[in-house]
Amino acid sequence: GAVVSQHPSRVICKSGTSVKIECRSLDFQATTMFWYRQFPKQSLMLMATSNEGSKATYEQGVEKDKFLINHASLTLSTLTVTSAHPEDSSFYICSAKQGVDQPQHFGDGTRLSIL
Amino acid sequence: SQQGEEDPQALSIQEGENATMNCSYKTSINNLQWYRQNSGRGLVHLILIRSNEREKHSGRLRVTLDTSKKSSSLLITASRAADTASYFCANTDKLIFGTGTRLQVFP
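The listed protein sequences derive, respectively, from chains A and B. The first sequence runs -14 to 100 under my numbering. The second sequence runs 5 to 111 under my numbering.
The hints are simulated quantities; they were obtained by calculation from the structure and are not laboratory data.
EDC-like mimics (lysine to aspartate or glutamate), calculated; alpha carbons at most 20 Å apart, straight line:
1) B/30 - B/57
2) B/74 - B/57
3) A/51 - A/7
4) B/74 - A/86
5) A/5 - A/50
6) A/40 - A/50
7) B/60 - A/86
8) B/30 - A/44
9) A/5 - A/72
10) B/30 - B/70
11) B/30 - A/86
12) B/30 - B/11
13) B/74 - B/11
14) B/73 - B/59
15) A/49 - A/37
16) A/40 - A/7
17) B/30 - B/9
18) A/5 - A/93
19) A/26 - B/11
20) A/26 - B/9
21) A/26 - B/87
With the rest of the complex left out, here is chain A (with noise of 0.2 Å):
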């Protein structure tokens, strides 16, 4: 149980393009979903928090217009990388938790190339 899934595993195109992340949890309804960032051989860094309905959380640095997170359902979150440049290319993972003190539970993550 506590499936999540992440889609597309990897998105290479060109700069200025916007790319669309998806995120779902499959047997479960996520109260919360997080979206991370992770560089070579780095930690997760945390870029925002969503909950469904409303407005996502963004961590201190993380522009929300570049980074534009949708929570429409309680097992879909999206999170759009628009007009992508190649310093944003990197690995983006979300995760998705049913509830507090629940244990978050991860997608595979996006590699993401730009070129």
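Given the coordinates of chain A, work out where chain B should sit on it, guided by the hints.
Structure of chain B alone, referenced to chain A:
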């Protein structure tokens, strides 16, 4: 800010040996979790230990928690090559991770 720091940063052992990783954190916690990450993949939840627990077991995993020292340890017994991964500790709030321990188990 990082709330968890893992130690050591890298660990190489032979199959069958035990691997011990440590985690120190800075603020108070309700729970602490350990995760593993295979290269280029998402994180897999291993075990959650609550602040009122001192030790917890799950299969070949043993986790301890010392809230007075703000530290936790993860022991993997009888390691296997498939245990090769990075291991992270985190709280259950925002899950701010440390840099992880990269474990390499040689067959």
